[in-house]
Structure formats: C-alpha cells, structure tokens
Amino acid sequence: EAQVTQNPRYLITVTGKKLTVTCSQNMNHEYMSWYRQDPGLGLRQIYYSMNVEVTDKGDVPEGYKVSRKEKRNFPLILESPSPNQTSLYFCASSSSTNEKLFFGSGTQLSVL
Amino acid sequence: ILNVEQSPQSLHVQEGDSTNFTCSFPSSNFYALHWYRWETAKSPEALFVMTLNGDEKKKGRISATLNTKEGYSYLYIKGSQPEDSATYLCAFWTYIPTFGRGTSLIVHP
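So the protein lines, in turn, are chains A and B.
With our numbering, the residue at position 101 of the first sequence is 101, and numbering never jumps.
For any residue, its number in our numbering is found by taking its place in the second sequence, counting from 1, and adding 112.
Please keep in mind that the hints were generated in silico from the structure rather than gathered at the bench.
The beta carbon of each residue, even a glycine, is placed where N, CA and C say it ideally should be.
Wrong hints could be hidden among the right ones.
In silico lysine-lysine, DSSO-like type, Cα no more than 27 Å apart, as pairs [unchecked claim]:
#	chain 1	residue 1	chain 2	residue 2
1	A	K100	B	K190
2	A	K71	B	K190
3	A	K57	B	K190
Covered stretches of chain B, going by a simulated chain A footprint (3 or more residues, C-beta under 8 Å) [said to hold, decoys possible]:
#	stretch
4	122-132
5	167-175
Quick look at which bits of chain B chain A covers, simulated, 3 or more residues with Cβ under 8 Å [stated by the list, open to error]:
#	stretch
6	156-164
7	186-193
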C-alpha cells in the first residue's frame with residue numbers, strides 16, 4: 001500500500017531534550033516536506049527536499065533540522081525543543097513539485 | 113510569505129444544502145492550485161490538482177473551478193451530506209506550496 005509513515009503519533013518531551021520525528025515513504029517520491037499546524041493558522045512549511053541530499057528552508061525553519069540521505073526517509077530533528085514548538089506536525093511527499101501531496105498520519109508534539 | 117485566503121472560515125449547513133467556498137491567491141507566478149479535504153483526527157487528502165486557467169474538476173458531488181488571472185478558485189459541494197463535514201484546504205503552488213487556513217464545514221443531519 002502506498003503510504004507515508006510518520007512516527008511517533010504522540011510525543012511529550014521536556015525543553016532541551018533532542019528528539020527526532022521519522023518520516024518514510026514507499027512511493028519513490030522525489031519531493032518530501034514537513035509542516036506544522038497551529039490553531040488559527042494554516043499548514044506552514046518547515047523544510048522541504050527536492051531530492052536526496054537537497055534540502056531547503058520553508059517558511060518557519062528556525063529550531064528545526066532535516067536530512068535526506070535516502071530517497072525514502074526525511075526525518076525532522078529538534079536539537080533543543082522549546083515550548084513554542086508544541087504543535088501538530090505532518091510529513092508529506094509527492095512525485096514532484098505541483099503534484100498532489102500524500103500526508104503522514106501526523107505527530108502531536110508537546111514540549112513542557 | 114504569500115497571502116492565500118480562504119472564505120468563509122467556517123460554515124454550518126443542513127443535509128441536502130449545496131454550498132461553496134473560495135480560495136484567493138496571488139495571480140502571478142502561478143504553478144498549481146490544490147484542494148485538500150481534512151477530516152478530524154485524520155490527515156489531509158488531495159481532492160483536486162488544478163493547473164490551467166479555466167480548469168474545472170469534478171469528483172462525485174464535489175467540483176472546483178480555477179481562475180488564475182483573477183486569482184481565485186471555488187469549491188462546490190452539491191447536496192451536502194454529514195460525511196462531507198471536514199476542513200477544506202487550498203494550497204497555492206509557486207515553487208513550494210502555501211496553504212490557506214481552511215474552511216471548516218459542518219453538515220447537520
């Protein structure tokens with residue numbers, strides 16, 4: 001089954017404790033991206049990747065890192081999480097820019 | 113950051129009503145306009161990908177139109193059903209997507 005697998009679904013952590021949210025797709029998609037969803041705001045792009053070893057900042061990259069060492073994986077890293085990073089996060093992929101996005105199941109992150 | 117506006121912010125209708133909402137976007141540097149349906153506790157799912165001015169797409173009771181010259185797209189739902197209740201997102205693509213804040217639709221039985 002074609003899918004984007006994102007883990008974990010829920011995560012509670014404390015300020016400053018490094019964490020990684022994983023994202024993997026099995027559709028051989030070139031384009032992968034991370035978004036955060038906050039109440040009253042639309043989905044905002046954090047980082048995106050057009051292909052292996054190619055990553056770029058989105059609209060809200062501060063406090064996040066990503067890597068794209070393999071085509072299928074695009075982890076989101078928070079080196080030193082802060083409470084303002086408490087949010088709902090989605091990973092998404094598509095075959096190319098402009099093509100429809102396939103979303104992961106989301107990660108609800110709480111930073112205390 | 114590009115300005116992508118969706119209206120109304122929320123909408124309550126009765127089962128059987130037809131409804132429509134709007135997505136407004138910049139009319140320059142247009143690549144594509146996407147519509148997504150996002151049900152509570154689930155992930156957004158693509159409804160339509162629209163790329164050409166004048167495009168019209170249809171999927172069952174849901175249809176969409178696109179006007180790139182004036183910078184808007186309409187999403188129509190004919191004969192709304194309770195299962196249509198969801199947030200409908202549009203995404204304006206230049207090189208990367210910019211999402212609107214969505215229209216929350218609640219269909220009452």
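To see whether the hints hold, each was checked on the structure:
A threshold of 27 Å between alpha carbons decides the hint, and for K100 (chain A) with K190 (chain B) the separation of about 23 Å falls inside it, so the pair holds. Between K71 (chain A) and K190 (chain B) the alpha-carbon distance is near 40 Å, which puts this suggested pair outside the 27 Å criterion. Under the criterion of a C-alpha separation no larger than 27 Å, the hint pairing K57 (chain A) with K190 (chain B) is inconsistent with the structure, at around 39 Å. Residues of the stretch 122-132 of chain B lying with their CB closer than 8 Å to a CB of chain A number 0, which falls below the three-residue condition for coverage.
With 0 residues bearing a CB less than 8 Å from a CB of chain A, the stretch 167-175 of chain B misses the requirement of three and the coverage assertion fails. Remark: the stretch 156-164 of chain B is confirmed as covered by chain A, as 5 of its residues place a Cβ nearer than 8 Å to a Cβ of that chain, reaching the required three. Residue count for the stretch 186-193 of chain B with a Cβ under 8 Å from a Cβ of chain A: 0. That is fewer than the three needed, and the coverage hint is violated.
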